[in-house]
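With the hints as your guide, set chain B onto chain A.
Number of protein chains: 2
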Amino acid sequence: MNKIRMIKGGVCAARGFVAGSTGCGIKTGRVVRDDLAVVFSEAPATAAATFTTNKVKAAPVRISVEHMRAGRARAVVLNSGNANACTGPGGMADARAMAAATADSLGLKPSQVLVCSTGRIGVPMPMPAILRGIASVKTARSGGTGAAKAIMTSDTFAKEIAIEVATRDGCFRIGGMAKGAGMIDPNMATMLCVVTTDAIVAAPVLRLALRESVEDSFNRITIDGDMSTNDTVIALANSASGISPSPKTLRDALDTVTRGLARMIVSDGEGVSRFVEVEVRRAASSADARRAAEAIANSTLVKCAWAGGDPNWGRILDAVGYCGAKMDEAKTDIFYDALPVATGGVVARTAAKLLRAVAAKKAFRVTVDLKVGKASHVVWTTDLTEEYVRLNLGE
Amino acid sequence: MNKIRMIKGGVCAARGFVAGSTGCGIKTGRVVRDDLAVVFSEAPATAAATFTTNKVKAAPVRISVEHMRAGRARAVVLNSGNANACTGPGGMADARAMAAATADSLGLKPSQVLVCSTGRIGVPMPMPAILRGIASVKTARSGGTGAAKAIMTSDTFAKEIAIEVATRDGCFRIGGMAKGAGMIDPNMATMLCVVTTDAIVAAPVLRLALRESVEDSFNRITIDGDMSTNDTVIALANSASGISPSPKTLRDALDTVTRGLARMIVSDGEGVSRFVEVEVRRAASSADARRAAEAIANSTLVKCAWAGGDPNWGRILDAVGYCGAKMDEAKTDIFYDALPVATGGVVARTAAKLLRAVAAKKAFRVTVDLKVGKASHVVWTTDLTEEYVRLNLGE
Chain A
2 MNKIRMIKGG VCAARGFVAG STGCGIKTGR VVRDDLAVVF SEAPATAAAT
52 FTTNKVKAAP VRISVEHMRA GRARAVVLNS GNANACTGPG GMADARAMAA
102 ATADSLGLKP SQVLVCSTGR IGVPMPMPAI LRGIASVKTA RSGGTGAAKA
152 IMTSDTFAKE IAIEVATRDG CFRIGGMAKG AGMIDPNMAT MLCVVTTDAI
202 VAAPVLRLAL RESVEDSFNR ITIDGDMSTN DTVIALANSA SGISPSPKTL
252 RDALDTVTRG LARMIVSDGE GVSRFVEVEV RRAASSADAR RAAEAIANST
302 LVKCAWAGGD PNWGRILDAV GYCGAKMDEA KTDIFYDALP VATGGVVART
352 AAKLLRAVAA KKAFRVTVDL KVGKASHVVW TTDLTEEYVR LNLGE
Chain B
2 MNKIRMIKGG VCAARGFVAG STGCGIKTGR VVRDDLAVVF SEAPATAAAT
52 FTTNKVKAAP VRISVEHMRA GRARAVVLNS GNANACTGPG GMADARAMAA
102 ATADSLGLKP SQVLVCSTGR IGVPMPMPAI LRGIASVKTA RSGGTGAAKA
152 IMTSDTFAKE IAIEVATRDG CFRIGGMAKG AGMIDPNMAT MLCVVTTDAI
202 VAAPVLRLAL RESVEDSFNR ITIDGDMSTN DTVIALANSA SGISPSPKTL
252 RDALDTVTRG LARMIVSDGE GVSRFVEVEV RRAASSADAR RAAEAIANST
302 LVKCAWAGGD PNWGRILDAV GYCGAKMDEA KTDIFYDALP VATGGVVART
352 AAKLLRAVAA KKAFRVTVDL KVGKASHVVW TTDLTEEYVR LNLGE
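Residue numbers (the working numbering), protein chains in the order written: chain A, 2 to 396; chain B, 2 to 396.
Honestly, I wouldn't trust all of these hints.
Identical copies carry no separate label here, and so any pair may be met within one copy or between two of them.
What the hints assert, rightly or not - Below, computed lysine-lysine pairings styled on DSS-like, alpha-carbon distance capped at 25 Å:
1. 110 - 139
2. 372 - 56
3. 249 - 9
4. 249 - 4
Rather than coming from a laboratory, the hints here were simulated on the basis of the structure.
Only chain A is shown next, with the shape it has when bound in the complex (with noise of 0.2 Å):
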């Protein structure tokens, strides 16, 4: 019977860990805010992470994936501006540089550093400026919040989020900053994220933890199907609140922030208006329910019309019908929140002005019923905006 609770603050909510940011004026070569950021775990920590799985990975996701083999890690370096993503060989220098750089400042060895990156590709990093940034970073347990400023791009707002995790034996606690489907600033969408926990976690526990949270959280959101050649979630576990929650107790706390922050992703996406949960139910395979659930959410037709506030059925079943899943059109029912507007395929007796009631809120539910199986999925979504479009006209 363990307790949830949320508290104030982000990556330095739990024990032992400090948080720094500064501005290196990466991306213009003006300093008008903070670009940089440190998290650093004054103790040794277990370490896991997940990668994007584009096969064009940026330099520093390379340089991450290579220092994690030791499933040990201390510090995250984070920049915004630039995601050193497409710049060949001098790129992969540069993230080398960049942890060495951070290492030295900590006191650490570079295989101790991960890297992360998030901004325009294709340009060559502005290392002198960077290397002077992270020689300057002063880490403290205030720096958080500044941390979780200096890596946003075209995020509104900071995501951050901590909870407190009351155990039998004592407390632990998690926090976590994320930036999110940002793409005007960058040449495309980066999600980043670290997550910290003072609970003691050894390294394997907490890959598979972070594996499969991520699969229920990050992995569930989609805001327009493009897939950052710089995505990562880095966890660290420290041990200091001297708490070692059972599996299923730190699956459930990481997946409190892991969801909080995906869901914070998704109502701050680029031009967004509406934020949809769709649910695919009793499809005939998981696989068969994430794919309709999917089509449904990266339908640029659906999310038009969802933009329109628009209880639309007929792009709903059109997608689920061309997505591979087995259907069948004659027994597929689909709601608005609890109200059907479509049942057995056909138009259902709801009144219209109910529905476009549901449509026309900040957030709402869809749900298509199969039928056909007992497998389910839910990802969370948005509109698509003519605000959206303006904000990704490039150049």
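The following block gives chain B in isolation, referenced to the frame of chain A:
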């Protein structure tokens, strides 16, 4: 050494075909424009057709599939304003009634009539008005353009094309009409196309030629990645020219017609400001080449960049990276028209000004050279504009 020349007209350009159209007020109840068309071969004809692969199929698609089993058909009845999709058993009866009424009026058997509908989905067809319309349609040699207009939804121009092919033995003709990826008026995109020829073509030969030709034309275009419940391409061959072209001659001629119509559809996509030909070269397999080309063409971010006239390559490389095709970032070259924008996965030395001039054109070509194999694939697509979103906001 056959010569293909463009001639005036559409579905009535080939001898022995007549067409007509009328207004039934299908969408609004008021007759403001023609919304019903009939195409008729005065002589017996062989027929071939390809249909949407969406599991949700509109009633007219199901009926046409059934009537196509014999490989012979003499008439097509088409309407805009209502897709007769997701309409249950009532919709099936309505589509059958449309075929029967058309057969009646032309002295055919219902099984010789194919049915196409496009428009709103989930709404019952206004059958009394439609049946009155079918009974009143007058077909004539001059009716082709009227028919092409009657099937428009949000298309901004009627799409027709016709050619005459000079062979050693004499001339035969092929004509066609199509409606495009217009999505505001109906609840989704629907592509309908009727091709007529006065050549002598056995049904199995026509079937194969049409299937291959559709693969190289309509199946290469993508506006938004959504696939309709109603997509239908029909070919009728009535032997009126007395010419029996070789399969190769037929195929080349058919390609001229289908590719011409496919390009018109893309150019007339909703809110489109650019026509983009995407070619992926030297992929490991045809499937890979296609997957990569389609990932680029369907990437929301890539399309937004094009709308902004941005010769973006990072988003393109990113899409190739996540599409599943075999690729090596360090080998990949990307071009806008003939200008390299990325070489070996990093930025090329082409002046940005020159690249921007290409991306600002109404039509340009993006080539991705993967250098991992020998397969290539071309798709035709568009940008994604604010106007597109506005047009698709729904109700």
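Now the hints, each set against the structure:
1. 110 - 139: within (19 Å within a copy, 85 Å between copies)
2. 372 - 56: For residue 372 and residue 56, the Cα distance is within 25 Å only across copies (15 Å; inside one copy 36 Å).
3. 249 - 9: within (24 Å within a copy, 73 Å between copies)
4. 249 - 4: within (13 Å within a copy, 74 Å between copies)
This entry satisfies every hint, going by the numbered hints stated previously.
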